[in-house]
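Could you build the full structure based on these sequences and the hints that come with them?
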Amino acid sequence: MNNYFKFEQERSRYLLEQTLVLSTVKGHLKGTIKYGESRDVVEFATMLLGIINEGLAVVEEKFSDKKELGAE
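Residues are numbered in my numbering as their position in the sequence shown, beginning at 1, plus a constant of 1.
Be aware that one or more of the hints could be misleading.
The calculated DSSO-like cross-link candidates involving lysine-lysine, where the alpha carbons are at most 30 Å apart (straight line), are [what the hints assert, rightly or not]:
hint, residue 1, residue 2
1, Lys-7, Lys-31
2, Lys-35, Lys-7
3, Lys-7, Lys-63
For each label pair, taking beta carbons as the anchor points, the in silico distance ranges come out as [stated by the list, open to error]:
hint, residue 1, residue 2, range
4, Arg-40, Phe-8, 45 to 51 Å
5, Gln-10, Gly-37, 26 to 32 Å
6, Glu-62, Phe-6, 32 to 38 Å
7, Ser-24, Phe-45, 33 to 39 Å
What the hints contain is simulated information worked out from the structure, not anything from laboratory work. Backbone N, C-alpha and C fix where the C-beta goes; we use that ideal spot for every residue, glycine too.
Have a look at this one:
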C-alpha cells in the first residue's frame, strides 16, 4: 500500500511539473504572437500554442481522473 501512495505522489508531482512548464511556454508564445513582426514566426507560435493547449487539456483530464478515483 505504501508503494501505491509513493507512486501516486510521484505521478501528481510529474503532472504538476508538466502543467507548469506548458503554462510557462504558453505565456511566452502568447507574447511572441502579440509582439511578433514576422508572419512566419506568428504562425509557428500559434501552431505551438494549439499543441500546448491540447497537452494541457490532457494533463487536466488526468488530474480530474485522479481526483475522481480518490473520491471513491
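Now for the hints, and whether the structure bears them out:
Proximity of Lys-7 to Lys-31 is assessed by CA-CA distance (about 36 Å); at most 30 Å being required, the pair is judged violated. At most 30 Å may separate the alpha-carbon atoms for a hinted pair to count; Lys-35 and Lys-7 exceed this at roughly 42 Å. Distance check on the hinted pair: Lys-7 and Lys-63 sit about 17 Å apart at the alpha-carbon level, within 30 Å; holds. Taking the beta carbon of each, Arg-40 and Phe-8 are about 47 Å apart, inside 45 to 51 Å as hinted.
For the hinted restraint 26 to 32 Å between Gln-10 and Gly-37, the CB-CB distance of approximately 40 Å leaves it violated. Roughly 22 Å separates the CB atoms of Glu-62 and Phe-6, a value that falls outside the hinted 32 to 38 Å. A beta carbon spacing of about 19 Å between Ser-24 and Phe-45 contradicts the range 33 to 39 Å that was offered as a hint.
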